[in-house]
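If you're matching them up, the sequences are chains G and H in order. Oh and the first sequence: position 117 is 117 in full-length UniProt numbering, straight run, nothing missing. Oh and the second sequence: position 316 is 316 in full-length UniProt numbering, straight run, nothing missing.
There's no promise every hint is true.
DSSO-like cross-link-like pairs, simulated, lysine-lysine; straight-line CA separation at most 27 Å [what the hints assert, rightly or not]:
1. G:K131 x H:K329
2. G:K13 x H:K13
3. H:K131 x H:K13
4. G:K329 x H:K131
Here are the in silico distance ranges between beta carbons for each label pair [claimed, not checked]:
5. G:F57 x H:E100: 27 to 35 Å
6. G:A258 x H:H111: 56 to 64 Å
7. G:A322 x H:F9: 27 to 35 Å
8. H:P18 x G:A322: 41 to 49 Å
9. G:A213 x H:D286: 55 to 63 Å
10. H:P307 x G:K13: 37 to 45 Å
11. H:F9 x G:P298: 24 to 32 Å
Calculated from the structure, these hints are not laboratory results. Using N, Cα and C, we set each Cβ at its ideal position, and we do this for glycine too.
2 protein chains.
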Amino acid sequence: MAGERPHEFALIKRFFAPLASDPGALGLTDDAATLAPSAGCELVLTKDLLAADIHFFSHDPAEAIAAKALRVNLSDLAAKGARPRGYLLGLALPAAWDAEWLERFCAGLAHDQDTYGITLLGGDTIASGGKLLLSVTAIGEVPAGRAVRRTGAAPGDSLYVTGTLGDAALGVRLRYEPDLARSLALSPDDQAHLLDRYLLPQPRTALAAAVLAHASAAMDLSDGLTGDAAHMAAASGVDLAVEVTAVPLSQAARQVLARSPEWLATCLGGGDDYELLLAVPEDRRDAFERDAAAAGVPVTRIGAARPPVGATGVLGYFRDGASFTLAGKGGFRHF
Amino acid sequence: MAGERPHEFALIKRFFAPLASDPGALGLTDDAATLAPSAGCELVLTKDLLAADIHFFSHDPAEAIAAKALRVNLSDLAAKGARPRGYLLGLALPAAWDAEWLERFCAGLAHDQDTYGITLLGGDTIASGGKLLLSVTAIGEVPAGRAVRRTGAAPGDSLYVTGTLGDAALGVRLRYEPDLARSLALSPDDQAHLLDRYLLPQPRTALAAAVLAHASAAMDLSDGLTGDAAHMAAASGVDLAVEVTAVPLSQAARQVLARSPEWLATCLGGGDDYELLLAVPEDRRDAFERDAAAAGVPVTRIGAARPPVGATGVLGYFRDGASFTLAGKGGFRHF
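For reference, chain G alone in the conformation it holds in the complex (with noise of 0.2 Å):
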C-alpha cells in the first residue's frame, strides 16, 4: 500500500464524519459524544480487539476486516438480547496504508452500519508502529434489568445453539494449509463456504428479541462450543449435555467428517462460530422456536441442563447412553 496520506483531521472528515450520522456524535468534531438508552433501557456494552494475523489475515479484504471488526461485537450484544445503537471505532494503522485501502475498509463500514442499524459514534485513528489493530466498542441497549446472562440455565432448560458449528474453525485451517482441500475432497462450494464463514461472520442480531422474550441464559460462540458452554455451565452452576449427534453442522463439515472423522474435535472446539448458545425452559421452548423461525434464524436444540454431579462441566453424549466429559468438571478439559 503506498500513495496519498491525508492527515488525521482531513481523514476524519473524509472517511468517517460521513458514517457518523448520529446527532450524539457531534459529526466526530468534537472530544465525545454524548448517548442516551431509548425511555425504560439501559446500555449494553462490548469491547472487542482485533489485530492483523491473529483474529484476521493482513491481506483479507479491507471490507472483510471492518465487517468482521463489528460483527464480533454486534454478536456479544445479540447474545444479551440487545438491540444494537451504535460503536466507537479505534483504529491503529501499519505504516504501509493508503487512502484506497481505508475507503475500502469504510465501505465495509457503511454497508454493516446499513444492515445492522448503527452508527459510528466516535472513536480515534492512530499509527500502531506495527500491524493493523482494530478495537471496537459497541453499544446496544435493552429493557432496564433485563438483559440475559450466562448465569440463568436451570436443570431442564433445553439448550439450543443457533445456524452450523465448527464452519469457521474449518476455514482457518483451510487458510493455513489450502492443500487439505484437496484431501478433505471438498468441492469448490464447500471450501467457499468454510472460508467465508470464517471471513464474514454472521451475527444472530436478528434472533436478539426472541433471546430476550425467552432464553434464561445466553451467549455467543467465539472460544468454540466446548469450552463456551462450560463457561455458561460454571456462571450457571450446572451440568450442561450435550447430544453430540445433535450438534448442526453444515453439508460441508459433513463432508468433511464423513471422510475425516476426527475433525469433529476441531468442530466442537474450535473458535469463531460467532452463532448463540442459548438455555431456555421447557414452557418457552415452543414461543422460542417460533419465534426464531419467525426471525428466520435456523436454532437446533443439542442438550440440556441439568443438576451438577461434581463441579460443573459440559458433558458429551450418544443416543446410545455413553456419555464422556467434553469440558469443565474442574480441568476444563476442551474436546
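Here the structure of chain G is known, so what remains is to put chain H in place on it, guided by the hints.
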C-alpha cells in the same frame, strides 16, 4: 519481562475482576456490561488509543502507562463538563509481558479508579503481535442535552486555560535529549517537573461542574494550544485572540524561555498538555473564576473570542498591540 503467563480467563479473574466493582460489569464474567445514566442524564463517550513508543515509552513504569491511558480519556470527559462513570479497557500485550508487569499496570488502574471515582466495566485482552497498545473507552454523564461543545464560543467571550501549558512538550523533548537539561540550565526540580508533566497528565475532572455551569465552549488541549484553539475557532465560527504573554507557564518553562526564547513555539504548539481551553461569557466570568478556585483548579484568562476576519483562526497579540496569526485563517499554520 518473562515468567508466569496466566491464561486469559485466569488473567481476567486475577487481575481485572477486582477492578470491576460496578454491578453492571457482571464481574467481567459475561459477554457485555450494562450501564444506565442517572435520572435526567445522558452518557458521554470518548475513546483514545495509545501505542508504545508513540504515546508513551515502552519502558515507562507500568503504573504510569495505565494512568496515562485513563487520564487522556478523563480529560476529554472533563472538557464536556461530564462526571466520569467508568471505562472499558482494550489491552493488546506484547510478546514479552509477565504477571509482575500486569500487577503494576493494574495497581495503576486501581489508584486512578479511586482518584477519579470510576470502575472497570469490561474490555478485552489479546496478544498484539507487536508492541503494547491500549484502547480505553471512557464513559461519563451530563444532564441530558447539556454537554459543553466546541461550537459555542461567541464574540466577546473570554478565553481561559487551566494550569500551565507547554510543560509536557518540553518534558518529552527532555526524554529524547537528556542533555537539554544542562544546556537549558534546568534545576533538578524543574527537570523533574517537566518530565512528570509528560509522564502523568492531570485531567481537570475537578473543573467539570464549573465547565458545565459556565462555559460556552470547551475542549481539552492534547495537540497544543495553537492547533487545538484553531479547531475551537473553526467550530464556533470566531477568531480567538490570544495574548501571548498571558499564557500561563510553569517556573520550569519560564526558566527555559528566559534562556532560550525560541522554545515559546514548543510551549504554545506542543501537545500533551491535557489542560482545558474554555470560552466563558462575560457575565459568567466572576462565577466561573470563583467556582474554579473552589475546585482548586488554577485558571487564567488568555484572551477573547472575536468576530472572524476572513477565515476563522487564532491570533497572537502582545500588549503593545502587535498581532500575528498563530493558526487557522485558511492555512492552519501552527506557531
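Status of each hint after checking the structure:
1. G:K131 x H:K329: violated (37 Å)
2. G:K13 x H:K13: violated (41 Å)
3. H:K131 x H:K13: The hint holds at about 24 Å.
4. G:K329 x H:K131: Violated, at roughly 37 Å.
5. G:F57 x H:E100: 27 to 35 Å: Taking Cβ atoms as reference, G:F57 and H:E100 lie about 34 Å apart, which means the hint holds.
6. G:A258 x H:H111: 56 to 64 Å: Once the Cβ atoms are compared, 58 Å apart, the range 56 to 64 Å for H:H111 and G:A258 holds.
7. G:A322 x H:F9: 27 to 35 Å: holds (29 Å)
8. H:P18 x G:A322: 41 to 49 Å: holds (42 Å)
9. G:A213 x H:D286: 55 to 63 Å: holds (56 Å)
10. H:P307 x G:K13: 37 to 45 Å: The hinted range 37 to 45 Å is violated for H:P307 and G:K13, with Cβ atoms some 25 Å apart.
11. H:F9 x G:P298: 24 to 32 Å: holds (30 Å)
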